[in-house]
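K.L.:
Construct the entire structure; sequences and hints are all you get.
Just so we're aligned: the sequence shown equals residues 4 to 133 in the numbering used here.
Calculated from the structure, these hints are not laboratory results.
For lysine-lysine, the following DSSO-like pairs were computed, each having C-alpha atoms within a straight-line distance of at most 27 Å: (1) K94 - K51; (2) K26 - K104; (3) K57 - K35; (4) K132 - K79; (5) K51 - K84; (6) K132 - K51; (7) K88 - K104; (8) K111 - K61; (9) K61 - K132; (10) K57 - K79; (11) K94 - K108; (12) K79 - K94; (13) K94 - K57; (14) K26 - K79; (15) K57 - K84; (16) K61 - K35; (17) K94 - K111; (18) K26 - K84; (19) K111 - K51; (20) K61 - K88; (21) K61 - K104; (22) K57 - K26; (23) K51 - K35; (24) K26 - K108.
The structure displayed is predicted, hence computed values, not measured ones.
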Amino acid sequence: MLEEGMKQLPEDVIESGRFTIPKVMGHIQGNKTILNNFHAIAQTLGRKPEELQKYLLKELATPGQLTRSALIIGAKVPASKINMKIQQFAKLFVLCYKCSKPETKLSKEQNVLYMTCQACGARHPVRAKL
Numbered sequence: 004m005l006e007e008g009m010k011q012l013p014e015d016v017i018e019s020g021r022f023t024i025p026k027v028m029g030h031i032q033g034n035k036t037i038l039n040n041f042h043a044i045a046q047t048l049g050r051k052p053e054e055l056q057k058y059l060l061k062e063l064a065t066p067g068q069l070t071r072s073a074l075i076i077g078a079k080v081p082a083s084k085i086n087m088k089i090q091q092f093a094k095l096f097v098l099c100y101k102c103s104k105p106e107t108k109l110s111k112e113q114n115v116l117y118m119t120c121q122a123c124g125a126r127h128p129v130r131a132k133l
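P.N.:
Here you go:
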């Protein structure tokens with residue numbers, strides 16, 4: 004009976020992953036892209052919005068500004084491209100290289116950025132620049 008019930012559940016309910024990055028929600032206004040849930044994404048990643056903003060604008064090679072409620076990108080950028088860049092940011096600066104958990108902290112020592120995992124205790128230098 005349990006197996007029959009599990010088959011009837013939607014796949015997103017069955018998923019066991021506890022760390023999911025929200026998809027970008029926003030709109031294009033003229034020549035600008037406005038990301039309404041940018042602060043929520045940064046909070047989910049456990050990083051400052053300014054750090055994520057700096058990475059995104061550098062990767063997208065476009066100007067932009069951070070407001071209290073949103074990130075305004077100075078170009079028309081598809082949501083799929085922004086989501087891909089946020090996934091890359093998470094892989095480089097959030098997820099532990101050893102256990103792949105998001106409970107990490109960044110610290111800078113002698114011009115080298117280190118990522119320390121709060122879950123497994125691993126400590127690695129970050130190769131990319133933030």
